[in-house]
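K.L.:
Sequential numbering of the sequence shown, starting at 28, is according to this note's numbering.
Just so you know, not all the hints are guaranteed correct.
[What the hints assert, rightly or not] Listed next, the in silico DSBU-like pairs over lysine-lysine satisfying Cα-Cα at most 35 Å (straight line):
no.: 1; residue 1: Lys-432; residue 2: Lys-449
no.: 2; residue 1: Lys-367; residue 2: Lys-186
no.: 3; residue 1: Lys-449; residue 2: Lys-279
no.: 4; residue 1: Lys-367; residue 2: Lys-449
no.: 5; residue 1: Lys-140; residue 2: Lys-437
no.: 6; residue 1: Lys-346; residue 2: Lys-432
no.: 7; residue 1: Lys-367; residue 2: Lys-432
no.: 8; residue 1: Lys-279; residue 2: Lys-437
no.: 9; residue 1: Lys-368; residue 2: Lys-450
no.: 10; residue 1: Lys-143; residue 2: Lys-450
no.: 11; residue 1: Lys-303; residue 2: Lys-449
no.: 12; residue 1: Lys-166; residue 2: Lys-181
no.: 13; residue 1: Lys-426; residue 2: Lys-166
no.: 14; residue 1: Lys-426; residue 2: Lys-368
no.: 15; residue 1: Lys-165; residue 2: Lys-181
no.: 16; residue 1: Lys-449; residue 2: Lys-437
no.: 17; residue 1: Lys-411; residue 2: Lys-140
no.: 18; residue 1: Lys-303; residue 2: Lys-181
no.: 19; residue 1: Lys-437; residue 2: Lys-143
no.: 20; residue 1: Lys-186; residue 2: Lys-328
no.: 21; residue 1: Lys-279; residue 2: Lys-159
[Claimed, not checked] Label-pair restraints from in silico Cβ distances:
no.: 22; residue 1: Lys-237; residue 2: Asp-430; range: 27 to 37 Å
no.: 23; residue 1: Lys-186; residue 2: Pro-63; range: 18 to 28 Å
no.: 24; residue 1: Pro-354; residue 2: Ala-107; range: 53 to 63 Å
no.: 25; residue 1: Ala-330; residue 2: Tyr-48; range: 17 to 27 Å
no.: 26; residue 1: Val-348; residue 2: Phe-41; range: 43 to 53 Å
no.: 27; residue 1: Leu-35; residue 2: Asp-430; range: 40 to 50 Å
no.: 28; residue 1: Asp-438; residue 2: Asp-185; range: 27 to 37 Å
no.: 29; residue 1: Trp-256; residue 2: Lys-140; range: 17 to 27 Å
no.: 30; residue 1: Trp-57; residue 2: Asp-430; range: 37 to 47 Å
no.: 31; residue 1: Gln-288; residue 2: Thr-104; range: 51 to 61 Å
no.: 32; residue 1: Ala-107; residue 2: Lys-181; range: 23 to 33 Å
It is worth saying that the hints were derived from the structure and are not from the lab.
For glycine and all other residues, C-beta sits at the position ideal for the given N, C-alpha and C.
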Amino acid sequence: MAYKDEQLIEEKVFKDPVHRYIHVRDRVIWDLIATPEFQRLRRIKQLGTTNLTFHGAEHSRFNHSLGVYEIVRRITTNFADRERWDREQRLLCLCAALLHDLGHGPFSHSFEKVFKLDHEQFTQQIILGSTKVNEILKKVSADFPVKVADVIAKTYSDKLVVSLISSQIDADRMDYLQRDAYFTGVSYGHFDMERILRVMRPMDDQVVIKSTGMHAVEDYIMSRYQMYWQVYFHPVTRSAEVILSKIFQRAKVLYEDESYQFQLEPTHFISFFEEKVQLSDYLKLDDMIVYYYFQQWQEEKDAILADLSYRFINRHLFKYVEYNPDPQINAGMELYQLFKKAGIDPDYYLVVDSSSDLPYDFYRPGEEEERLPIHLLMPDGGLKELSRHSDIVEAISGKKRTDHKLYFPKDSIQRIEDTDLKKRILDILYGKE
Numbered sequence: 028m029a030y031k032d033e034q035l036i037e038e039k040v041f042k043d044p045v046h047r048y049i050h051v052r053d054r055v056i057w058d059l060i061a062t063p064e065f066q067r068l069r070r071i072k073q074l075g076t077t078n079l080t081f082h083g084a085e086h087s088r089f090n091h092s093l094g095v096y097e098i099v100r101r102i103t104t105n106f107a108d109r110e111r112w113d114r115e116q117r118l119l120c121l122c123a124a125l126l127h128d129l130g131h132g133p134f135s136h137s138f139e140k141v142f143k144l145d146h147e148q149f150t151q152q153i154i155l156g157s158t159k160v161n162e163i164l165k166k167v168s169a170d171f172p173v174k175v176a177d178v179i180a181k182t183y184s185d186k187l188v189v190s191l192i193s194s195q196i197d198a199d200r201m202d203y204l205q206r207d208a209y210f211t212g213v214s215y216g217h218f219d220m221e222r223i224l225r226v227m228r229p230m231d232d233q234v235v236i237k238s239t240g241m242h243a244v245e246d247y248i249m250s251r252y253q254m255y256w257q258v259y260f261h262p263v264t265r266s267a268e269v270i271l272s273k274i275f276q277r278a279k280v281l282y283e284d285e286s287y288q289f290q291l292e293p294t295h296f297i298s299f300f301e302e303k304v305q306l307s308d309y310l311k312l313d314d315m316i317v318y319y320y321f322q323q324w325q326e327e328k329d330a331i332l333a334d335l336s337y338r339f340i341n342r343h344l345f346k347y348v349e350y351n352p353d354p355q356i357n358a359g360m361e362l363y364q365l366f367k368k369a370g371i372d373p374d375y376y377l378v379v380d381s382s383s384d385l386p387y388d389f390y391r392p393g394e395e396e397e398r399l400p401i402h403l404l405m406p407d408g409g410l411k412e413l414s415r416h417s418d419i420v421e422a423i424s425g426k427k428r429t430d431h432k433l434y435f436p437k438d439s440i441q442r443i444e445d446t447d448l449k450k451r452i453l454d455i456l457y458g459k460e
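Work out the full structure: start from the sequences and follow the hints.
P.N.:
Written out as structure tokens, the structure is:
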């Protein structure tokens, strides 16, 4: 029997709080799960610093990746006897679903911003490079790693396959919304996934939804909208991300200062500081390594690095106020100078952070980040774009919402001895001018 067709003697199951059970029968999937590259995802939190806001958010990218695999497994099982579905694509879909987040690093998005990295590029490198994952995929066929990588990169020729992993209603989103809602303890991310899976239909270049399932899709889109603003963009979580970014920024500055000697040499980060990152360096990093350095850096001679590390480790976070960059630009510039006068380095302790989201968009051909809309399959066999049939979705379609916060260490401001200077800073921050 060919390796791609090989089944386990007995089905393996993972008990899961979201999907109840995750089922594995394919030898390829079981072998991929056992690789060091995939097991590494156990040591990377799905939501980064969110556990400092919602204490239950300790779940990992390993959990999420298995969940996305399980949803795609159910979809492909439902599609098995339908026209326009190529059953030969089943294993490709399962592998792409399982491996789609393989390149995420610790505190992924904050880490990527500081070091100008892209986790999707590392996903490609892991799948195509000298790794155990690549060895297993090549056992299916010589070109199978490239196919898996292309699906994840959204460049694969069969757009229907791509849409299962990456679209405005895909397995990735359906898992993380429910999983993140479960572990954060909020009610926003729940929707009727079973109903959506039942009304999904394969078409030539994407999955469509039977019109009878429109209300379940409306619920899904509103769940996503609420999760982004109530959980993912929570201002306390963003405060932790700001501090995290500034720790890495400070450590990089100190590394480039030849006169500074670290008490704990940042061995794991040197290739990142020098912008010479190899895949082997990247794969050595996980949340535990980062926490170890932050724990040790609390004792560093550099006051800024030590203070920022202490704040992160002990959840002594920055406070924040609403900030509108355009009308408040002069206030921001004055605050920068006042912080310097007070001996508080504004490059590390006065930070504007912005978040924005587009909950659903209709088709805008030619635009960057071009999004395919969700189509409804009407009773007459025709297709209708969702927002043209749903008043709820139409109300939020194409509307990008942006939020700006100004972060600062209120405790440090309160310790300023010059009372006039302290009062001026607080008056600007809290709008008491």
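K.L.:
Please name the hints from earlier in the document that this structure breaks, with their numbers sorted from lowest to highest.
P.N.:
2, 10, 11, 13, 14, 17, 20, 23, 25 and 28
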